[in-house]
Amino acid sequence: MGEGKKDLISINDLTKSDIYYFIETAKEFKKISLKDIKKVPTLRGKTVVNLFYEPSTRTRSSFEIAQKRLSADSLNISIPQSSVTKGESLKDTILNLESMKPDAFVIRHHESGAPYFISKITKASTINAGDGINEHPTQCLLDIMTIMEEKKDIASLKVAIIGDIYHSRVARSDIYGLSKLGAEIYLYGPYSLLPQFQYSQNVKIASSMEEAVKNADVIIMLRIQKERASYYFIPSIEEYRNFFKLTQNLLSLASKDVMVLHPGPVNRDVEIAGSIINENKTHILKQVENGVAVRMACLYILLGVQKN
Amino acid sequence: MVSSGDFKKLDKILLFDNLATNNILNDFIDSVLKAIETQVRRSSKQQGSTSGFNNTIIIGIKEGGVPLADLIRQSIKSRFKIDCEIGYIDMTLYRDDPFSIKKPIKSTELPFNIENKDVILVDDVISSGRTVRAAIDEIFDFGRPKSIRLAVFIDKGGRELPICPNFIGKKIKAGKDGMIHVDILSKEKRVDKIIKK
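So the protein lines, in turn, are chains A and B.
First residue of the first sequence? That's 1 in the numbering used here, and the numbers climb one at a time after it.
First residue of the second sequence? That's 1 in the numbering used here, and the numbers climb one at a time after it.
Check the hints yourself; a few may be wrong.
Simulated crosslink set (DSS-like; lysine-lysine; CA at most 27 angstroms straight-line) [claimed, not checked]:
| no. | chain 1 | residue 1 | chain 2 | residue 2 |
| --- | --- | --- | --- | --- |
| 1 | A | 256 | A | 158 |
| 2 | A | 35 | B | 170 |
| 3 | A | 5 | B | 103 |
Cβ-Cβ distance ranges computed for the label pairs, FRET-style [said to hold, decoys possible]:
| no. | chain 1 | residue 1 | chain 2 | residue 2 | range |
| --- | --- | --- | --- | --- | --- |
| 4 | A | 201 | B | 157 | 56 to 62 angstroms |
| 5 | A | 229 | B | 111 | 32 to 38 angstroms |
| 6 | A | 36 | B | 81 | 31 to 37 angstroms |
No lab work stands behind these hints: they were computed from the structure.
Glycine is no exception: its CB is placed at the ideal position from the N, C-alpha and C atoms.
All chains, full assembly: derive it from the sequences and hints.
Encoded structure:
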């Protein structure tokens, strides 16, 4: 881990070896969740504030469980019941909470860049738990961890990322992280929801579902994001379903031991055929399990840096 | 741990060569085995069986305690024909100063039930006793052993906690700056004192 990095805002801030260090640490933390007593005293006396300006099930609960398993004290601010509804600005909210001396902020916000903004005005560690259409670095780390559990080496893997690339912070973080580790990435989705610029040499835009999934080692399906007006970019859900849903037939084109990932929540039969999920052909629940471990690793590494 | 880059700033003094280290090692293992033997004899008198053997498990503290724990287990195997269960513990997450030493977390491997077992906890060097405190804390998160006894190869003094090993290979006085480095894995076993300059 680079010296003095107290925050996790973007995957781009991490080097290749940083990413591996997070994953290796997470692997050890995963074992704690399998013990009878799922708790270690490592972060005793540390206070972590969870600020979720957007709804969340997985990220929020796994961050909270991660904090509890490391013995940190966590504080969940429920935005609808907070002074945010009275018009308090983000900066004032943070400065006031800062006065209570927390050691870390975990922040999800509908505005891209909010966690970066917060990291500049607080001494506490800031962890980005998803900001607008920008990034979701812990999701990228848990995706990499899940992939590495089955595929030894990320380099030379063909990874297809399919769906609403434009609005997806998961896609953005995954593209940064996986291409840094040498994967060959194929993006596909409705033309109006594809990125309009080239990321890097090993990120390509496929011209059809078939091209995207053919011989793919990993397929990451993305959610159609109602809250971010994805619907205005596509004619209808039915049309999306017909052209961009992962079906059993499409899946059979992929490599024999293909992994299907989805950051959740899934719109069944819109992004992935329900039967693929029902038959346990996805790694969605593995991702959730690894999410706790990755978030424990992030808290451990970032809070440790701060103390030094 | 001393990484190779640090050696320039350090003065390394050989305390015991291969032969001397071997002698200490044999005496050390002998003293541990004798204690188990006595315990076995006592329990077999009480119960008419040799169940005492099966109740002993050995836990090595990573990294230094691992080869010593393995050696003790081998000796029990060759002398008593009993295969004790063995586990390894990494107490990094239980330290009282979790972030003062920067090193990757290693796995704790205790793949058995420790409830009601007689544990022999093994480490290479003891000083403040804080490592042992953390290791004991971690063991208790896995269950309630019947007893824990502590075997350390080198006691360099400087205790900061009321912890007293049951078995000691050798006592060596070394101040705060003196680090004892034990190498029993190489062909030439040795114990060094390393002084920061």
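Evaluated hints:
{"no.": "1", "hint": "A:256 with A:158", "in the structure": "13 angstroms, holds"}
{"no.": "2", "hint": "A:35 with B:170", "in the structure": "36 angstroms, violated"}
{"no.": "3", "hint": "A:5 with B:103", "in the structure": "16 angstroms, holds"}
{"no.": "4", "hint": "A:201 with B:157: 56 to 62 angstroms", "in the structure": "60 angstroms, holds"}
{"no.": "5", "hint": "A:229 with B:111: 32 to 38 angstroms", "in the structure": "52 angstroms, violated"}
{"no.": "6", "hint": "A:36 with B:81: 31 to 37 angstroms", "in the structure": "32 angstroms, holds"}
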